[in-house]
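**Student:** Next come the chains, spelled out residue by residue.
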Amino acid sequence: MVKINLICIGCPMGCPLTIEKEGSNILRVTGNTCPRGDAYARKELTNPTRIVTSTVAVEGSDVVRVSVKTREDIPKDMIFACVKALKNVRLKAPVHIGDVVLENVAGTGVDVVATREVYSLSDPG
Amino acid sequence: MKAYDIVIIGGGPAGLAAAVSARKNGIDSVLVLERDKELGGILNQCIHNGFGLHTFKEELTGPEYAARFIAQAKELHLEYKRNTMVMEISPEKVVTYMNRTEGMQQIQAKAVVLAMGCRERSRGALNIPGYRPAGIFSAGTAQRLVNMEGYMPGREVVILGSGDIGLIMARRMTLEGAKVKVVSELMPYSGGLKRNIVQCLDDYGIPLKLSHTVIDIRGKERLEGVTLAKVDEGGKPVPGTEEDYTCDTLLLSVGLIPENELSNGMGIEMNRVTSGPNVNESLETSIPGVFACGNVLHVHDLVDFVSEEATAAGKNAAEYVRQNSGAACGLDGREVLPQKAAIELEAVAGVRYTVPKTINVERMTDKLTVRFRVGAVYKNCYVSVYFDEERVIHKKRPVMAPGEMEDIRLDKAKLLEYPDLKKITIQIEEA
Numbered sequence: 001m002v003k004i005n006l007i008c009i010g011c012p013m014g015c016p017l018t019i020e021k022e023g024s025n026i027l028r029v030t031g032n033t034c035p036r037g038d039a040y041a042r043k044e045l046t047n048p049t050r051i052v053t054s055t056v057a058v059e060g061s062d063v064v065r066v067s068v069k070t071r072e073d074i075p076k077d078m079i080f081a082c083v084k085a086l087k088n089v090r091l092k093a094p095v096h097i098g099d100v101v102l103e104n105v106a107g108t109g110v111d112v113v114a115t116r117e118v119y120s121l122s123d124p125g
Numbered sequence: 126m127k128a129y130d131i132v133i134i135g136g137g138p139a140g141l142a143a144a145v146s147a148r149k150n151g152i153d154s155v156l157v158l159e160r161d162k163e164l165g166g167i168l169n170q171c172i173h174n175g176f177g178l179h180t181f182k183e184e185l186t187g188p189e190y191a192a193r194f195i196a197q198a199k200e201l202h203l204e205y206k207r208n209t210m211v212m213e214i215s216p217e218k219v220v221t222y223m224n225r226t227e228g229m230q231q232i233q234a235k236a237v238v239l240a241m242g243c244r245e246r247s248r249g250a251l252n253i254p255g256y257r258p259a260g261i262f263s264a265g266t267a268q269r270l271v272n273m274e275g276y277m278p279g280r281e282v283v284i285l286g287s288g289d290i291g292l293i294m295a296r297r298m299t300l301e302g303a304k305v306k307v308v309s310e311l312m313p314y315s316g317g318l319k320r321n322i323v324q325c326l327d328d329y330g331i332p333l334k335l336s337h338t339v340i341d342i343r344g345k346e347r348l349e350g351v352t353l354a355k356v357d358e359g360g361k362p363v364p365g366t367e368e369d370y371t372c373d374t375l376l377l378s379v380g381l382i383p384e385n386e387l388s389n390g391m392g393i394e395m396n397r398v399t400s401g402p403n404v405n406e407s408l409e410t411s412i413p414g415v416f417a418c419g420n421v422l423h424v425h426d427l428v429d430f431v432s433e434e435a436t437a438a439g440k441n442a443a444e445y446v447r448q449n450s451g452a453a454c455g456l457d458g459r460e461v462l463p464q465k466a467a468i469e470l471e472a473v474a475g476v477r478y479t480v481p482k483t484i485n486v487e488r489m490t491d492k493l494t495v496r497f498r499v500g501a502v503y504k505n506c507y508v509s510v511y512f513d514e515e516r517v518i519h520k521k522r523p524v525m526a527p528g529e530m531e532d533i534r535l536d537k538a539k540l541l542e543y544p545d546l547k548k549i550t551i552q553i554e555e556a
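Protein chains in written order, with my numbering: chain A, 1 to 125; chain B, 126 to 556.
Please note: incorrect hints may appear among the correct ones.
Just a few of them, taken from the derived set where beta-carbon distance is under 8 Å, the chain B residues facing chain A [stated by the list, open to error]:
#, residue
1, Gly-175
2, Ile-253
3, Lys-319
4, Gln-324
Heads up, simulated DSS-like pairs for lysine-lysine below, C-alpha to C-alpha not over 27 Å straight-line [what the hints assert, rightly or not]:
#, chain 1, residue 1, chain 2, residue 2
5, B, Lys-334, B, Lys-319
6, A, Lys-21, B, Lys-319
7, B, Lys-547, B, Lys-521
8, A, Lys-3, B, Lys-334
9, B, Lys-306, A, Lys-87
Calculated from the model, a selection of chain A residues having no Cβ within reach of chain B, i.e. all distances over 12 Å [claimed, not checked]:
#, residue
10, Lys-3
11, Leu-27
12, Glu-44
13, Arg-50
14, Thr-53
15, Thr-55
16, Gly-60
17, Ser-67
18, Lys-92
19, Asn-104
20, Gly-109
21, Asp-111
22, Thr-115
Don't read these hints as lab results, they were simulated from the structure.
Since the structure is predicted, the reported quantities are computational estimates derived from the model, not experimental observations.
Glycine is no exception: its CB is placed at the ideal position from the N, C-alpha and C atoms.
Pulled out of the complex, with its shape left as it was, chain B reads as follows:
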C-alpha cells in the first residue's frame, strides 16, 4: 500500500492552508485529496470581495484568496489529486479514495487532516408545508449556478434565512436583473454579518423581515408564490400576520452543517452543538494523529480564521508525524509516556461551545486561541473565563451575536501557574 506522512481530506481553504503549513514545518510527504475539478473549494464561487483583511491585509475576492494559497501550494510542489472522492478512512488511517484514472485506491497515512468543509441545510430539514415545485434552491446552489455556470435560477425571488450567503445572493441576483422581494429571518436577529445587511440589502432597498418565516409554498410545476408570517417568541406563526408574495424562486440560507460522514465512519467523538469533532489544543480529534480544521470542525464566518486554524492543524500534524514516526506503528516498542489528564473547557451561560474542548497545557502554544459562539444577542456584556472557581479573564464586549464567532486567548505561562487545574469555564456575564 502506498504511504504518506500526512493526507489532507479536502482542497478548500482549510485543506490548502493545512497542507502549506505541514510542508513548511518540514514534512515532505503530504497529499491533498479534492473531490472537485479544481482546488479552492467554496471560495471559487464566492466572487464578492471582503476576504483576507486579516491574512493578507488587503481586501480580496474569494477566488483571489484561494489563488494565493494555490500559488503557495504549487510553489512548494505539494502533491494533490483533483476529481478524487474519499470513500472511507479507517481508524488505523487507511484512506480509501476513488477517481476516474486510478479507480479505487488505498493509502496509509501517519496523520490525517480532516478539511471537508460543510454543506447547506436543505428544505427537507425545515418542514415547510406546501408543494414541491421547481424553483427552490439553497443559496449556495444558486450562487454556484449564477457565478460559475452562468445560469439565473429565476426572476422574482424570496429569500428565507439571513445568513451571509443569503444576503450576498440577494445582492448578486439583484445585480443580474432579478427582483428580490424580501429576506425573511425566523430569529429576531440576522445570522449574517452587519456589513452584509448594509451593502447587500440596504444598498438595494431589499427589506429584511425579522421574526418571519415561510409558512406556505404554492405552485405545482414551478414555484408561484410563498406566504410569510410573523412568528412569536416560541417560533410559532402568529395567525393574521400572513402575507402573500408572488415569486418564481425561493432561496434558502438557513444554516450550514459540517460534512462529517468520514469522521463518523472512523468513530471519532463528535460534538452535538457544532456537529464537528471534539478536539484538543492541537486540533486533534479523539483518534490520535487525526486533526480537524475549518468548517468541518465548526462553521466559520471568516475564511481568514479558517486559514489560521488550518495552519495550526497542519503544523500540529507535522509535529505528530515527527514524534510518532516508528512509535505510532509500534515498530520500536517504545513506551508511550502517560500524559497528564487534559483540562476540560466548559461552555456555559450563553456560550454554546468552545473549540478546543480540552487542553493539555504541555502541548499548547504560548498563546492559544479558543473560539466560541454565543446563543443570543448580548449587549455590553463580559466574556469571563474561570480557572476552576477563580475568574481570570473578564473582557467587556459591546455586542455579541450568534452570527459572529468570538474568541479569547489563553496564556500558557498563566496556565502553568495552576498545576492542579481541572476545568476552564467560559461564560457570558451581564454588566
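So that you can see chain A by itself, here it is in the shape it has in the complex:
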C-alpha cells in the first residue's frame, strides 16, 4: 500500500488529503472536510481535470477582451490545447454571460462560455 498526500483544490480551505492506494485501487481518502475532497482525490489520481479560464478578443465595444471559461472541467493535459484554440476566436459585442464562445474546445466535448457582459457601443448598458 502507498500513501499519497494531496491538497484539495475544491474550495479555499485547502484540506490536506491522504490517499491510501493499492496498485491502481484507491482504498481510503482521509483529511477531507466534505465530499468534494473525496471526489477530488479519486479524480486527481485517475483523471485529473481543471476548469480553464482565459480571455478572447471582442469588437464593437469599449472593452477589448471577454473573459471566458470551460463550462466544465477538462483533462489537465488539454489545458494548453484549449487556450491555443481560443487564440483565433473573435467575438462581436454584445456578449452575454453564458454565451457559447467555442463549442467542443480542442475535442474535449466541453464548450467555452463567456463569463462577462460586453455591451455594444450603441447600447452601453
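On the provided structure of chain A, position chain B as indicated by the hints.
**Tutor:** Then chain B, alone, in the frame of chain A:
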C-alpha cells in the same frame, strides 16, 4: 446641496453588497460612486474561478460574481455614478466628487459607507537595489494588462511574493505562453491560499522558493535579469546563496494596502496593523454614521467574506439613518442617550488584530463574526477567547497561517451574562 441618505464610496464587491443591503433594509436614497468606467471593481480582472462558494454555493469567476451583484443593484434601481472620483469627504459627511459630465459636485450624506478597496504595495516600498528598467510590474497591473487590455507584459518572468495574485498570474502568464521561471517568497511560508500553490504553481512545474528574495535588478532600458538570494531568519540575504535569473519581467505580489486617503482626510481613527479604520460591532468608524467594509477596512482573501461584511455594513448604515433622521442634524433637539462604554477587543499572543475593535453589546447582532489574522504559521493550536480573565472559547485549529483570515463568533446571549465585562481578549494558545 443635493442630499442622500446613504452614499457609498466604491462600486466594487464591498460597495455593491453594501448598497444592495441598504436598499433591502428600507433606504431608498442610496448613491454609489465608482471611479472606474464600470461597476465590479477588481473582480472584473480576476477572470479565474473559485469565487462564490460561500455566497452562491457554486464556483464562479470574478466577473460572474460581480455580475450577480450588479444585476441585483439594477433590479433594485440603485443609483450609481461611474467615472466618478470622490475627492474629499468632510467629517460632517459632505462628499465632494468629480466627473466629466458634472464637474465638481458636493452632496450631503446622512450616512457614508467606505468601500474603496485596496491597492498593491509597489517596488518603491521594498527597497530592492538595482536599476529601474521597464518590465517591473505589480502582479495586479499585469493581471489588468493581460486580462482586460490584452497585452502581455513580457516573455520570461520572475515573480517576487507568493500572495494569491502572484500565484494566479504565474499560471495566467504561463497559459499565455510566457516562461515563469520562479516564484520567490521572503517569508518561510506562502502568503497565498494552499490551493493556489497546487493549481497555479505545481500544475505547471513552477518552483516556489521560500525564504528567498530579489537582491539585484539588472538592465537599463528593459529588465535583463534579477538575482535571488536566500534570507536568514532576520530577513537578511545569506552570502553565497545568490542565483542569477535572466528575465524581461518581474512581477511583484508583495502585499495590499487599504486605500484610506479619504478616511484619513476625515480624521477617522486608524488601525496601525490593518491600515484600515478602527470599527465597532456595527462596522462603524470613529465618526458616527461612517461605516467601512471590504478591503478598505482590512485586506480579505475571499470575496465571499467581503460581501458578508459589506451586507452587514449596509444594514447598519440603514439602521443608523432610521434612528438618526432629524436627530443627527440636531433638528429636533432630542437628547442622544448616553451609551454604555464599549467592550474592547484585544488581540494578543499571535493574533495581529481583530475586526471589530470594540463591541457595544446592545447594538450587536445575536451572533457577531470577529475576523482576525495570525502573525505566523500555527499547527494544532487553539484560538482562545477570554472575557476579562475567564476563558469562554477554546477552539482547536489544525493549521493557521497569516495568509488565511480566521474568524470566531461571539454570542450576544452569552455576552449579556457578563454585564461588567470590560475587555475581550483573543489569543492563540499552544496545545
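**Student:** Determine for every hint whether it applies to the structure shown.
**Tutor:** A quick look at each hint next to the structure:
At its closest, the beta carbon of Gly-175/B sits 7 Å from a beta carbon of chain A; the interface hint therefore holds under the 8 Å criterion. Checking Ile-253/B against chain A: minimum C-beta separation of about 30 Å lies over 8 Å; hint violated. Because the beta carbon of Lys-319/B sits about 3 Å from the nearest beta carbon in chain A, less than 8 Å, this interface hint is met. A hinted interface residue such as Gln-324/B counts as satisfied when its beta carbon comes closer than 8 Å to some beta carbon of chain A; here the least separation is about 5 Å, so the hint holds.
Straight-line distance between C-alpha atoms of Lys-334/B and Lys-319/B comes to about 15 Å, which keeps the hinted pair within the 27 Å bound. Simply put, Lys-21/A and Lys-319/B have alpha-carbon atoms about 23 Å apart, close enough for the 27 Å limit, and the pair holds. The suggested pairing of Lys-547/B with Lys-521/B holds, with an alpha-carbon distance near 25 Å, which does not exceed 27 Å. At most 27 Å may separate the alpha-carbon atoms for a hinted pair to count; Lys-3/A and Lys-334/B meet this at roughly 26 Å.
The suggested pairing of Lys-306/B with Lys-87/A holds, with an alpha-carbon distance near 23 Å, which does not exceed 27 Å. The Cβ of Lys-3/A sits about 18 Å from the closest Cβ of chain B, beyond the 12 Å cut-off, so the non-interface label holds. With a least CB separation of 22 Å from chain B, Leu-27/A remains clear of the 12 Å interface cut-off, as annotated. The beta carbon of Glu-44/A is not kept farther than 12 Å from every beta carbon of chain B, the shortest such distance being approximately 9 Å.
For Arg-50/A, the condition that its CB be more than 12 Å from all CB atoms of chain B is violated, with the nearest at approximately 7 Å. Residue placement check: Thr-53/A does not keep its beta carbon more than 12 Å from all beta carbons of chain B (closest about 5 Å). Interface exclusion of Thr-55/A from chain B breaks down, the closest Cβ pair being 6 Å apart, not more than 12 Å. Annotated as non-interface, Gly-60/A keeps its C-beta farther than 12 Å from every C-beta of chain B; the closest such distance is 15 Å.
Not every C-beta of chain B lies more than 12 Å from that of Ser-67/A, the closest at about 4 Å, which undercuts listing it as non-interface. Every beta carbon of chain B lies more than 12 Å from that of Lys-92/A, the smallest distance being close to 16 Å; the non-interface claim holds. Consistency note on Asn-104/A: stated as away from chain B, and its beta-carbon is indeed over 12 Å from all of that chain's, at 20 Å minimum. Gly-109/A, annotated as away from the interface, keeps every beta carbon of chain B farther than 12 Å; the closest lies near 19 Å.
Chain B leaves Asp-111/A outside its interface by the beta-carbon criterion, the shortest separation being 15 Å against a cut-off of 12 Å. Listed as a non-interface residue, Thr-115/A fails to keep its Cβ farther than 12 Å from every Cβ of chain B; the least gap is roughly 4 Å.
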